[in-house]
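> Residue numbers (the numbering used here), protein chains in the order written: chain B, 1 to 330; chain A, 1001 to 1330.
These are computed hints drawn from the structure, not numbers from a lab. Because the structure is a prediction, the values reported are computed rather than measured. Hints are not guaranteed to be accurate.
Said to hold, decoys possible - Listed below are the simulated DSBU-like cross-link pairs for lysine-lysine, each with C-alpha atoms no more than 35 Å apart in a straight line:
1. Lys246(B) x Lys1002(A)
2. Lys246(B) x Lys171(B)
3. Lys2(B) x Lys1246(A)
4. Lys1246(A) x Lys1171(A)
5. Lys2(B) x Lys1171(A)
2 protein chains.
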Amino acid sequence: MKKFINDPGDVVAQALRGLAAAHPELRVDPENQLVVRADAPVRGKVGIVSGGGSGHEPLHGGFVGPGMLDAACAGEVFTSPVPDAILAATRAVDGGAGVLHIVKNYTGDVLNFEMAAELAGDDDITVETVLVDDDVAVQDSTWTAGRRGTGATVIVEKVTGALAEERASLKDVAAIGRTVNERSGSFAVALTAATTPAAGRPGFDLPDDEMEVGVGIHGEPGRRRAPLAPAADVAALMVDAILEAKPATGTAIVLLNGLGGTPLLELYLLYGEVAALLESRDVRIGRSLVGNYVTSLDMAGASLTICHADDEILRLWDAWVRTPGLRRGV
Amino acid sequence: MKKFINDPGDVVAQALRGLAAAHPELRVDPENQLVVRADAPVRGKVGIVSGGGSGHEPLHGGFVGPGMLDAACAGEVFTSPVPDAILAATRAVDGGAGVLHIVKNYTGDVLNFEMAAELAGDDDITVETVLVDDDVAVQDSTWTAGRRGTGATVIVEKVTGALAEERASLKDVAAIGRTVNERSGSFAVALTAATTPAAGRPGFDLPDDEMEVGVGIHGEPGRRRAPLAPAADVAALMVDAILEAKPATGTAIVLLNGLGGTPLLELYLLYGEVAALLESRDVRIGRSLVGNYVTSLDMAGASLTICHADDEILRLWDAWVRTPGLRRGV
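From just these sequences and the hints, can you work out the full model?
Shown next as structure tokens:
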């Protein structure tokens, strides 16, 4: 295993110390593995909390800041955060208007966020939850009942964060988050497996001439193994899978996301193929984002997310945001 | 070789097609491998051109836009752009106030930018050049007489770009670029070698238990091979090497840069070690940036850049910028 770490058992807390050093505008608690925007709770604003296993950076801690998340809970690598941490985050961001939990659909995350929401209810904090399950590759998976939550999480976090800044109600913020999720589909292809610090070797075996089609962000199996294919073919199978599950309507926000080990040069090349295909399928790309946003450690691979947006979603996507991972307008 | 490409001989132009699709606010010419900001030339503003071999994305094309570069020339992977392309870029951004060339110190880049500057002179375009040679690891290298240009290029491009937006003279814009370079030192460590599409296999052999200390961004040899070490030790050897060559003065801009294949989780962990060390060495970190900015395709590794800034450099670093790779304030 070749990694910039000190101790495989203490990676997440040490990385959070680095996040704290790099971003004094955030309140980072490495011990409880929380990242909170410095001015939380914001009085009268819906607080937004997300979180999940680490190893997907910049998700979620890199999206904490004005215009997006109020707090993120970081679990150990590929492991859900504990209910106590989620409860602490919920309390830290409750400004009296309720708290939204954005939860990727993995069994551990769902259970722990549910438990934290119940405990927050005992504190008279109203919690609504948006479950993100955009990955159209498989119906159930290793750690999932139903579809997995992946790239659309970034769009849900951005759009709900923008609406919350406008002091919309918890009901409305949750509603637009659910709309974004319903209108989004994602599909990923892996060329290599990720190596977690704890395991010290790749999470699955993938021959040199094969790719995993429909892989999950923890290396969960996809639909099939297939021979390595040109980027144009990879783009086609991603686009086909997504548009079959989520047929085109309106203008799309398109996220071509690197899984961690794939260079930007390849991501742009792949995006060019995706864009040409979408044009031929009468999908209008209204906004796009190319880069590493929801990663799987050092996995070479990419995911495509298509969100069929309406004017309101586009407006909120365009709104100002200031986080380590996404910034515009400020 | 596992990459998202179609044809190993046509990677850069196809990636530029993707960049064009993702960034309609840029004028991208995939055939001549140019990226130009849409409103160029800006009348009365110094035009800023950089460029170099591809494979280091987001450098340079990802830094084209208001507040930073006016144009970038992309060579083939790890290959200098040709003089004709640099000349075309220089002409495209000449708004009557002269053009600055920002050139990383590699023999091919230096020669081709020199030739383009001469040809531009024949067109009565005044060209000044800032040579970036911040990599303190080795004095001469595979493709270099003198030190190599690496991470400081981002800071030079940002700071000169901001000053040019204020309509400063070519002389002043060049001068601050040179000052940033003189005040900056960089040092890189590789855990794996990059694989170019043309070669199809890693550019050098690196045993599973070793790292290349002082590596170049094309995989050029560094100072030595060393046994894999904890992140704290890697941070120490980077900081020591840089501060020995560029002793601390003033407030630092610190860039902890991923070389392409290293996850953000590790980069933040390594940054935490760097920040603690700099504090113990009485270096005040004024600004920081952690992520993939000057990469070497899929190389696992990281580089540290320390720029001992003055108030003017900090002010220009903080100024608004709108590029695919760096954005703030707009």
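> Need the status of pair Lys2(B), Lys1171(A): alpha-carbon distance at most 35 Å?
violated (46 Å)
> Is Lys2(B) within 35 Å of Lys1246(A), Cα to Cα?
holds (29 Å)
> For a C-alpha distance cap of 35 Å, please report whether Lys246(B) and Lys171(B) respect it.
OK: Lys246(B) and Lys171(B) at ~25 Å, within 35 Å.
> Compare the distance between the alpha carbons of Lys246(B) and Lys1002(A) with 35 Å, and conclude whether the hinted pair is satisfied.
Answer holds: Lys246(B) to Lys1002(A) is near 29 Å, not above 35 Å.
> Does the structure keep Lys1246(A) and Lys1171(A) at a Cα separation of 35 Å or less?
Since the Cα atoms of Lys1246(A) and Lys1171(A) sit roughly 25 Å apart, the hinted pair holds (cutoff 35 Å).
Of the numbered hints stated above, the single one contradicted by the structure is hint 5.
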